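Novice: What follows is the residue order along each chain.
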Amino acid sequence: MLKKRLVGVVTVKNGWAVQSFGYRRYLPLGKPECIVENLCRWGADEIIVQVIDRDTDNSGPDFQLLTKLAELGLETPLIYGGGIRTIEEGVKVIQSGADRLSLDALLHDNLTIVYDLADKLGRQALIAVMPMSFSADELLWLDYRNKVSIPVTSDLLRAFTDRVVSEVLLVDWKNEGVPSSFDVSFVEKFPSVDLPLIAFGGISEHQQMFDLFRRPSISAVAIGNFLNYREHTIQKFKEALVNMSVRSPVYASSHND
Amino acid sequence: MSSSTVVAVVDYGMGNLASVTHSLRSLGYRVRVSNEIEVLNSANLLVLPGVGAFPAAMQSLYANDLVTYLQKQASQGQAIIGICLGMQLLANASYEHGYTEGLGIIPGEFVQFPDSRCHIGWNTLECSREDALLQESNGQPFYFNHSFMFSGADQYIRCISYNSGPFPAVIHNDRVIGLQFHPEKSQTAGKVLLKNVISGLLHA
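Note that the protein sequences, when read in sequence, are chains A and B. Quick note on the numbering used here: the first sequence kicks off at 1 and runs consecutively. Quick note on the numbering used here: the second sequence kicks off at 1001 and runs consecutively.
So here's chain A without its partners, still in its complex pose:
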């Protein structure tokens, strides 16, 4: 059967991998390609590289970084997000070494291009990134460029119903970087669009992962900052989740033979 996934997230700002806290405070970690290489070596099930300043300054995808990542010869699926504005850019990102695209700003700006990307690349290549918060009981969707949160639009919900994307990266952005803080009510209250959800933001403990993986709507858990505080974190999480439907941990001796 299909396994639930542990996805490593690498956030890039000004060319550097950073720790991100609540979408507003950043601490440098190092070269993104080194972090990505480690996640591949530790046996992450997928790796998301999100370049967060490419939509803000409208500078397009970071092809220089994609070239460096392609040169690593990654054996782990790579998802890229940041700066994708057109079909041509989306296709070029895939040709530059990514396997899938994560789309955030484009969901706010131009859903027609999202539909067109699905036609060209297949919906399985597209992930919608949805940074969410609550105001009272209302679920709000953040445009991280201007820090404005709005209710999820009917157009976007229609696109989800049309399945123009394959999965939703559901981000508890206010709790990003805060240990053990992911609010599971986002999963419960996210509009029922029959798309698998990837939970992200404040997931640091295997017990949280265990609780999330028990939910049928969750296809994966994504982890960012908390993978960088010690080595081989992916393997350790997987060892703790041995009874869940996750792929067995991969160790360097078997990975590099």
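Read the hints as simulated data drawn from the structure, not as lab findings. Computed from a predicted model, the values in this text were never measured in an experiment. Mixed in with the good hints, there may be bad ones.
[Claimed, not checked] Derived pair list, reagent style DSS-like, types lysine-lysine, alpha-carbon separation capped at 25 angstroms: (1) A:LYS13 to A:LYS147; (2) A:LYS92 to A:LYS68; (3) A:LYS3 to B:LYS1191; (4) A:LYS13 to A:LYS68; (5) A:LYS68 to A:LYS31; (6) A:LYS68 to B:LYS1191.
[To be verified] Quick list of simulated restraints, FRET-style, between CB atoms: (7) B:SER1034 to A:LYS31: 29 to 37 angstroms; (8) B:ALA1063 to A:ALA136: 35 to 43 angstroms; (9) B:VAL1039 to A:ALA240: 44 to 52 angstroms; (10) B:GLY1028 to A:PHE63: 24 to 32 angstroms; (11) A:CYS34 to B:SER1042: 35 to 43 angstroms; (12) B:GLU1126 to A:TYR115: 30 to 38 angstroms; (13) A:TYR229 to B:ALA1153: 47 to 55 angstroms; (14) A:THR86 to B:HIS1097: 13 to 21 angstroms; (15) A:LEU157 to B:ALA1204: 44 to 52 angstroms; (16) A:ASP211 to B:ASP1115: 19 to 27 angstroms.
Built from N, CA and C at the ideal position, the CB exists for glycine as well.
Since the structure of chain A is provided, determine the placement of chain B on it from the hints.
Specialist: Below, chain B alone, put in the same frame as chain A:
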């Protein structure tokens, strides 16, 4: 054998060629990436990769004058591996975004999963027939990313996986094999399978 074996990755403008190229080189093969028939002719084996939608991929194959070439190569016994979308292109047709004819190298069609959902992530192979190329990979996990599945005669199906139900994961006809998953993105299990499949096809 590896160092003298030339593998050509068919470049028709769809997908991530870097990973499959790197994976093949790491296994010791000499790799050419091209859409030029002269270069493809120099190879012992062709790899047809692909990330994208079926109609757009067929359009790209036509635009690169590769449809008739690939059909002819298969009929003449050239070893060919189709990966993910590349596997789907080997079939007669797909219903993705309407009906589109494929290369017709392995009889069958690609249809949507019964629940219309994508199948994304790591899943294990269950080899349903005796096949020396795949025995070592039976029960191993591989990375899948697709929304359509093969529908065709059992005689072409070598391995299955389970989503909402069983679906073909490896199809095989003469010296042509289709892999619905990405061996180049499946870490050690993928490299083992790729090496066995290439070796087996070249000795077939």
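Novice: Each hint should be assessed against the structure and marked as holding or not.
Specialist: Here's how the hints hold up against the structure:
1. Only pairs whose Cα atoms come within 25 angstroms are accepted, and LYS13 (chain A) paired with LYS147 (chain A) is accepted, the gap being roughly 17 angstroms.
2. This hinted pair checks out: LYS92 (chain A) and LYS68 (chain A) have alpha carbons roughly 15 angstroms apart, not beyond 25 angstroms.
3. As the CA atoms of LYS3 (chain A) and LYS1191 (chain B) are separated by approximately 20 angstroms, the hinted pair is consistent with the 25 angstroms bound.
4. Between the alpha carbons of LYS13 (chain A) and LYS68 (chain A) the distance comes to roughly 16 angstroms, so the proposed pair stays at or under 25 angstroms and holds.
5. At roughly 11 angstroms between alpha-carbon atoms, LYS68 (chain A) and LYS31 (chain A) fall within 25 angstroms of each other, so this suggested pair holds.
6. Among the hinted pairs, LYS68 (chain A) with LYS1191 (chain B) is consistent with the structure: their alpha-carbon atoms are about 22 angstroms apart, no more than 25 angstroms.
7. Remark: the range hint 29 to 37 angstroms for SER1034 (chain B) to LYS31 (chain A) is upheld by a beta-carbon distance near 32 angstroms.
8. At about 54 angstroms, the beta-carbon gap between ALA1063 (chain B) and ALA136 (chain A) misses the expected band of 35 to 43 angstroms.
9. At about 49 angstroms, the beta-carbon gap between VAL1039 (chain B) and ALA240 (chain A) stays in the expected band of 44 to 52 angstroms.
10. Between GLY1028 (chain B) and PHE63 (chain A), the C-beta spacing of about 30 angstroms keeps the proposed range 24 to 32 angstroms intact.
11. At about 37 angstroms, the CB distance of CYS34 (chain A) to SER1042 (chain B) agrees with the hint of 35 to 43 angstroms.
12. In this structure the supplied range 30 to 38 angstroms holds for GLU1126 (chain B) paired with TYR115 (chain A), their Cβ-Cβ distance being about 36 angstroms.
13. As the Cβ distance of TYR229 (chain A) to ALA1153 (chain B) is approximately 53 angstroms, the hint placing it in 47 to 55 angstroms holds.
14. Separated by about 20 angstroms at the C-beta atoms, THR86 (chain A) and HIS1097 (chain B) satisfy the suggested range of 13 to 21 angstroms.
15. The supplied range of 44 to 52 angstroms is met by LEU157 (chain A) and ALA1204 (chain B), whose beta-carbon atoms lie about 51 angstroms from each other.
16. Between ASP211 (chain A) and ASP1115 (chain B), the C-beta spacing of about 25 angstroms keeps the proposed range 19 to 27 angstroms intact.
Comparing the model with each numbered hint stated earlier shows that hint 8 is the single one that does not hold.
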